[in-house]
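Peer 1: Put chains D, Y and U on the given structure of chain L with help from the hints.
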Amino acid sequence: MDLVIQYGLYGIACACIFVPFFGFGLGPPVVIGAALGSFIGNTYSLIAQQGILKNFIKDKKETGNAGPILPLLEGAQKAIDGFENPGSSMKVEAHHEEGHNHESGEHHIIPIPVYVGVLLILLLGTVITVAVAQVDFGAMNTVIAMLVATVKASFVLAFFMHLKYDNLMNRVIFGSGFFFLMLLIAFSAADIFTRASVIKAF
Amino acid sequence: MSTVKTEDGHFHHAHHFKNLNHQYDSAKQGVWLFMVTEILMFGGLFVAYLIYKSLYAPIFHVGSSYLDVKMGSINTVVLITSSFTMALGIYFNQKNKPKQAVIALVLTILCALTFMVIKYFEYSHKIHLGLVPGKYFNNPEFQQKVADFINAMPIENLTPAISDINNMKKIAPLYFGFYFVMTGLHGFHVVIGALLILWVTIKTARGQFGSEYYTPVEGVGLFWHIVDLIWIYLFPLLYLVG
Amino acid sequence: MAHATHSTATAISTEDNYLNHEKGIWSWLTTVDHKRIAVMYLISILTFFLVGGIFALLLRGALFNSGENKFWSYITPDVYNQFMSYHGIIMVFMVIVPGIPAVFGNFLLPVMLGAKDVAFPRLNLASYYVYLLGAAIAGSTLFLGKIDTGWTFYTPYSIKTSTSVIMAVLGAFTMGMASILTGLNFIVTTHKLRAPGQTMNKIPLFVWAIYATSIIQILATPVLGITLMLLGAERALGVGIFDPNLGGDPVLFQHFFWFYSHPAVYIMVLPAMGIVSELISTFSRKTIFGYTAIAYSSLAIAAVSFLVWGHHMFVSGQSEFAGILFSVITMLVGVPTAIKLFNWISTMYKGSVRLDAPMLYAIGFLFLFTIGGLTGVWLAATGMDVHFHDTYFVVAHFHYVMVGGTLMAFTGGIFFWFPKFFGKMTNDTLGRISWVFIFTGFNVTFFPQFILGAMGMPRRYFEYHPAYEPLNQISTVGSWLIGFGFLVALAAIIHGLVAGQKAGANPWGSKTLEWQAPSPPPHDNFPITPTVTAGPYEYR
Amino acid sequence: MNTWLSTFSANAFMPIQGTEIAGKVDGFYAFLLISSLISSIILIGGMTAFIIQYKRKTATDKTAYITHNTMAEFTWSFIPFVIMMVIFYWGKVIFNELRAMPVAGEEIHVVGVQWAWNFKYKNGIKQYTKDGVTKENKIGNVEKQVMVVPHNKPVKLVMTSNDVIHSFYVPGFRNKQDVIPGRYTAFWFKADKLGEFQVFCTEYCGLQHSQMPATIRVVPEAEYAAWLDSNKPSAASNDGGMSEAAQKGVELYENKCRSCHSLDGSRVVGPTWKGIYGAKREFESGASVNADDNYLRESILNPAAKIVKGYPAAMPPYAGQLSDEEIESLIEYMKTVK
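Residue numbers (the working numbering), protein chains in the order written: chain L, 1 to 202; chain D, 203 to 444; chain Y, 445 to 984; chain U, 985 to 1322.
Misleading hints may appear alongside valid ones.
[What the hints assert, rightly or not] Not the full set, but computed from the structure, chain U residues with beta-carbon under 8 Å of chain L:
1) PHE1015
2) LYS1106
3) VAL1142
4) ALA1170
Honestly, the hints are just simulated from the structure, not real lab data.
Glycine included, every Cβ here is placed at the ideal spot set by N, Cα and C.
Next comes chain L alone, as it looks inside the complex:
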């Protein structure tokens, strides 16, 4: 359940950041898309991290009831394992189990090199933002700029603000801020960009 909330919040936060930039005309499809995306993300996380698929395959094998799709499923599981295991630095989400241990345990101390690394990434991000802005991609300019800003922001949140090592509640709290912000923007936009234009006949 924790995972569902976790991934749901990430999906929602992403939607909240991207909806305005894809244009409000596209708003509803994007919102639906984001909802679907986060749903898929949730399902994936359940399969990947709680080993549902693994158990299913094991179960099937044990009962000897293996159908023709079993090899397919096994392939999928392998792909998931391959994706999950390498120590990718971007996978902020993968570490939430640790959060629970912190309620009573020692505070997590992030070593200085990590901080330096994050600083360098942030500076690099700034350079990219400015550099990209000099090139005209049309409407994509905003999208790229916000994308880079979001990446920078998530580094600040994850490492400087220790959210990566924090407990679930604090993450839910912070995510809810973004979620309700999205509500404000989505519903205001739902009004402002669907108004009928009144034309004078004389």
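Peer 2: Then chains D, Y and U, alone, in the frame of chain L:
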């Protein structure tokens, strides 16, 4: 947070908490809740900004060309660096190294001051040019540029809202309304943040924190990172995206 | 006995309690004891309520007749508009929004959770002073420049008027700040300071209600803050975000404003629902029916309340699509509200109902809130609301919910927890008399306003069509009854303070944790930290 | 006295129905009324019955221990849900009809000002309030601004405001729409009853919010055509030898100033403009000055600077809202008001 350091060098938690860790977790949750309110408060401004930007794109395009990207970029770097030193300030407190912690925190304050000085130069330049919010706006050149920009746009890109050039000239100061309100509110937070950091610096220097108890540093740090976070979004929105 | 582990509490002498723990006015002003802060809130809020009530009586007096000869010639149109605004601002920002959370929440939340104090006691005191400061700033406009925008501060009128809007919004902003700090404190307290054994499904329903309220306070109030700040900037600098002259959209102001102010309606009424849950269970001496349903419906109301603000704007020029969208979501709020009503009534089924003064107020709440809630459904239906919007129908509806709901519960709560607050009983007869006057007066005042609204009388009118006169006169007479009723209630409180009988720890035979502490509770609430082994409503 | 208030239709307390949609709204109203009555009888009746039946008899009464009943809870959340969806849908259908603008039909422009309604017809007829609303001149016995409309023909109103938000409300038509500065909103009706219908402003708009009188007079179509013809402004009527600037001033006066400043010497909110140019002005501060261009300009831009004795400081500053040229033309116009 009524924690006191006793003579034997240990910290006592307030009477209604079970232990120091319990108190630390509670305090941190409180700070995070407050951060949510900060996000939502600035969020209101972002919502308004995005709505008007999509309604009156030309004003925002021309407006952003009036801002100095160089100064904005320097300020971004300064704030990011300050976030880094703030994180170090917490780190050294966690490691029981008050001296280094004080250095890191003082550096943070210096960054905040640098930020405000640069902001001051930007502001005075704008005010000098009359590029200020509606009531005091006095820069016909800017309005003319908006009009020229719209005239140069291909006809199929014009919406009814922006094709009324006289009206667009009249409402052109809107961009600087946003600029001053958003950066002004942010600058106010920078000042408050700097004062709070000063407060924890003094407490650190007096040896009132250590690896057992550094909650105020952590809380102020979170606030400071939020200030940084907001600027990370403000900078491209105001200076770069036109 | 559900809380057998701490029954020793009652045996301990009540000599040392929070009231006499320290002496002197200074010890009160600098206290960090949540109970003392609650008492200070109670005094301030009752004072503001008195002021707001006087404004209400003056307004009703002025509306006694429609012609030139006003009931009281002092009230001219501009004075009327100012009084109307002050009545709204005082009652909303100073009385009903902070009311129940700041008084009963502060006093009872830690005790109900078995905690020694709220999570951040000093922040708690600070929020009280921030609240007072905000009230002072807003109140200063009474003497400097007045305010005539109504409590909604709609642009562009609030940009154009010559009254001191900046001071008023600054005051409201500051009080919003206090509201945020209180909410933050309560959330952390509920999360972190529950007694051993007290899981989230063993906390009293009042705590659930306050918890849901606090979530709304945290998430909605900042948006009000930025909105009011922008309005101030609009007047000072002309930034143009809400000023149509400068390209702004006044309807966007309404979106921002109602993004706070609609959830604020639930900030006002959810705690009242919490109180009613406690009252009905205690005075029926029966387990609350559907604990889980009531608890989660509080959260559901809190969540959905953020999605429905546009129903205040069906005719404001927002798009037809948005209107319909908000209408359908608004209907969803009705479901958890209906669940609560049915659950309360089912709690009385096969109970042992006793009509003491607090229970009478709870019954009054159910009666009036039912009417208020049902007419709310009318207003949520777009086609009907177009006719009713901004008429007296709306005025009647929200008074049924705010006064008939929140203030009824507030007064009932005062009578109920008075023994816990001060260790003395109130006179039950006086309490019942006050209820008769308030309840009757309320219906006499506001029921005719439904009819006036149906007949088309717009709200905020100083002068009205003569055809509306008879009903307005009935309404004014009713307002005097309410005023008298509240005076009697005040007399009951003062009588209780001065000459009330000494109360035991649990005079009503209630089961929630606060009644296991002595009356009044000692400085640390419980001599021994209690361990909770059963739910809060175990009447077996 | 108009008939719209004194006669009630079949539905309790609703004003007389002036349009077909009003009948539908009243049908919906009846449904809501009856369903709410039934609901309150269930809720309040149930409550009362329980209070009486389960009254506490002894101090040690035993009560039943019932914690919940899933079936009951589902029932009383699902049934209200269904009813509310029905109400929503019914309301939506009516709302769509109220907002579905007719393609053909008369179009009339409405401008809300503080505190009057101005109407303009296609052929140039302007129905502006004759005088500002004065104390003697209020709802009940006022000569109201009249919008004449044809019977049984759709009429579309295109509305805007000159200053703050107003709201155009016709109880007899069960319709209402806010009037917003800087934007147009629309309103339509097809009156199927002859007679007069009251218009109210329902969005709080300041001092005389309750005194924005107007009437919609529904006349047979032939009579309407005749009215249009006979009131058509002739080309030369508003010229009266005025300079072009002064004529512009007239327009501005109508939209911005008239509600507070009369032309005939009567007292409204602010001082009259009759003979204002060159007249001696006495101020609250005790000083006085002759009204020249500079004084008038200052008083428009920053009225609080000099307050004429005996009048409230109620005028908003117009700095930034009127161009220099517009102020010139207003002053030019003032010179002609003798």
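Peer 1: LYS1106/U was flagged as interface toward chain L. Is the shortest Cβ-Cβ separation under 8 Å?
Peer 2: holds (5 Å)
Peer 1: With a cut-off of 8 Å on the beta carbons, see whether ALA1170/U makes it to chain L.
Peer 2: holds (5 Å)
Peer 1: Does the nearest C-beta of chain L fall within a distance shorter than 8 Å of the C-beta of VAL1142/U?
Peer 2: The hint holds - VAL1142/U has a Cβ within 8 Å of chain L, the shortest such distance being about 5 Å.
Peer 1: So, as I understand it, the hint says PHE1015/U touches chain L; can you test that by seeing if any CB pair is closer than 8 Å?
Peer 2: violated (28 Å)
When the structure is compared with the earlier hints, a violation turns up for hint 1 alone.
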